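Just so you know, this note's numbering puts 247 at position 247 of the sequence shown, and the rest follows in order with no gaps.
In short, the hints are calculated from the structure, not lab data.
Predicted model, so just to flag it, every value in this text is computed and none were measured.
Where a beta carbon is used, it is the ideal one built from N, C-alpha and C, also for glycine.
It cannot be assumed that every hint is accurate.
Claimed, not checked - With a Cα cut of at most 30 Å, we get these calculated DSBU-like pairs of lysine-lysine: (1) 103 / 116; (2) 116 / 243; (3) 37 / 271; (4) 103 / 243.
As the list claims (entries may be wrong) - Using C-beta positions, here's what the derived DEER-type ranges look like: (5) 60 / 96: 37 to 47 Å; (6) 106 / 250: 52 to 62 Å; (7) 144 / 213: 31 to 41 Å; (8) 101 / 144: 19 to 29 Å; (9) 213 / 177: 53 to 63 Å; (10) 254 / 78: 18 to 28 Å; (11) 91 / 249: 52 to 62 Å; (12) 40 / 254: 30 to 40 Å; (13) 118 / 57: 57 to 67 Å; (14) 61 / 31: 36 to 46 Å; (15) 101 / 30: 23 to 33 Å.
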Amino acid sequence: MPLEDEAGAGQPQRANAAYSISEDEISLRDLWEIIAKRKWLVLLSTVVCLGLAVAYVNLATTVYESRAMVQIGKVAGQPVDNGPQLASRLMNQYTPVNTEQAKKQMPKLYAVTPDKADGSILTLEAQGRSPQEAQQYLQGVIQRLLAEDQQRYQQIVGARQAQLAQLQAQYQGMRNSLDTKSGKGQVGSTSALLLLEQFRRTDALTSVQASIAKMENALTPNNTSPTAQTLSPRYDPIPIAPKRGLILVLAGLGGLMLGVFLALLQNAFRKQPA
C-alpha cells in the first residue's frame, strides 16, 4: 500500500510540471499576436533605425577609388626594384606618420599590392572624395614612380653599356693583334710557338666574343625595359563607401529585430504580477 500511495502522489507532480512547462512555452501564434498588438512599436523602431542610417549615409564622407597597374622595369631579365619592398616604400612615402592624420588624409594612396604570380607587377589603389580626385592623385603617384625608376634604370643600363663598349674595344684590340702576329712570316721552331700563341689568342678572342653576344642579348628589349604603366588609373563613378544599400538593409533588419525584442519585453513586464 505505501508503494501505491507513492505512485499516486507522483502522478499529479508530473502533471503539474508538464502544465507549468507548457505555460512557459510561447507558440509562434502567440508570438505573432504579441507582435501584432504592438505593431506600432515595431514599426517605430524600424523607422528610427532607418532614419539614423539615412542621416549617417548623408553625413558620411563619400569615398571613390581609382586603380592602376605598373610593371617594374628590368635589366638583363632582372627587375630594377624588388616588388614587395617597393610597395612598402611607396606606402611609407605617401602615408603620414601620425595615425590620426593618416585616417583623415584624403586623397590618399590606399594600397600597393604585388601580384602573387609575378612580384614585379604592382596594383596601386588610391581613394578620393570624387572620381576625378582619386584618378588625378593616383596618376601623380605613378608619374613620380616612373621618373624615379627611370633614373635607376638609366644608371644600370648605362653601366651595362659601358661594360659592353669595353668588351668590344678589348675584342677589337685582340683581333688587330692576332692579325698582326699571323701576318709575320716566321719559320722553324719559332713558327710552332707562334702557332701555339695564335691558338691561345683565338680561344681568348672567342671567349670575349661570346661575352659580347651575351651582353648584347641581355640589353635587347625582351630582356631590358624601363618601368611602365600597364593599366592607366581608371575613372570609377561608383563610390566604394559608404555602402548605402547595405547600410539601409542592415538598419531595416536591425530596427525590425529591435522592435520585436521591445514588444516581447513589454509583454513580459505586463504579465508580471503586481
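Now the hints, each set against the structure:
At most 30 Å may separate the alpha-carbon atoms for a hinted pair to count; residue 103 and residue 116 meet this at roughly 28 Å. For the hint linking residue 116 to residue 243, the alpha-carbon distance of about 28 Å falls within 30 Å, and the restraint holds. Of the supplied pair hints, the one linking residue 37 and residue 271 holds, its CA atoms being roughly 14 Å apart against a limit of 30 Å. Straight-line distance between C-alpha atoms of residue 103 and residue 243 comes to about 19 Å, which keeps the hinted pair within the 30 Å bound.
At about 22 Å, the beta-carbon gap between residue 60 and residue 96 misses the expected band of 37 to 47 Å. About 25 Å separates the C-beta atoms of residue 106 and residue 250, a value inconsistent with the hinted range of 52 to 62 Å. A C-beta distance of roughly 37 Å is found between residue 144 and residue 213, which places it inside the suggested range of 31 to 41 Å. The given range of 19 to 29 Å is respected by residue 101 and residue 144, whose C-beta atoms sit roughly 20 Å from each other.
Range check, residue 213 to residue 177: about 21 Å between beta-carbon atoms, so the 53 to 63 Å window is missed. For residue 254 paired with residue 78, a C-beta distance near 55 Å fails the hint of 18 to 28 Å. Taking 52 to 62 Å as the suggested C-beta distance range, the pair residue 91 and residue 249 does not conform, at roughly 34 Å. A hinted range of 30 to 40 Å is violated for the C-beta pair residue 40 and residue 254, which are about 18 Å apart.
Separation of residue 118 from residue 57 is about 40 Å and departs from the stated range, judged on CB atoms against 57 to 67 Å. Taking 36 to 46 Å as the suggested C-beta distance range, the pair residue 61 and residue 31 conforms, at roughly 42 Å. For the pair residue 101 and residue 30, the beta carbons lie near 56 Å from each other, so the given range of 23 to 33 Å is not met.
Comparing the model with each earlier hint shows violations of hints 5, 6, 9, 10, 11, 12, 13 and 15; every other hint is respected.
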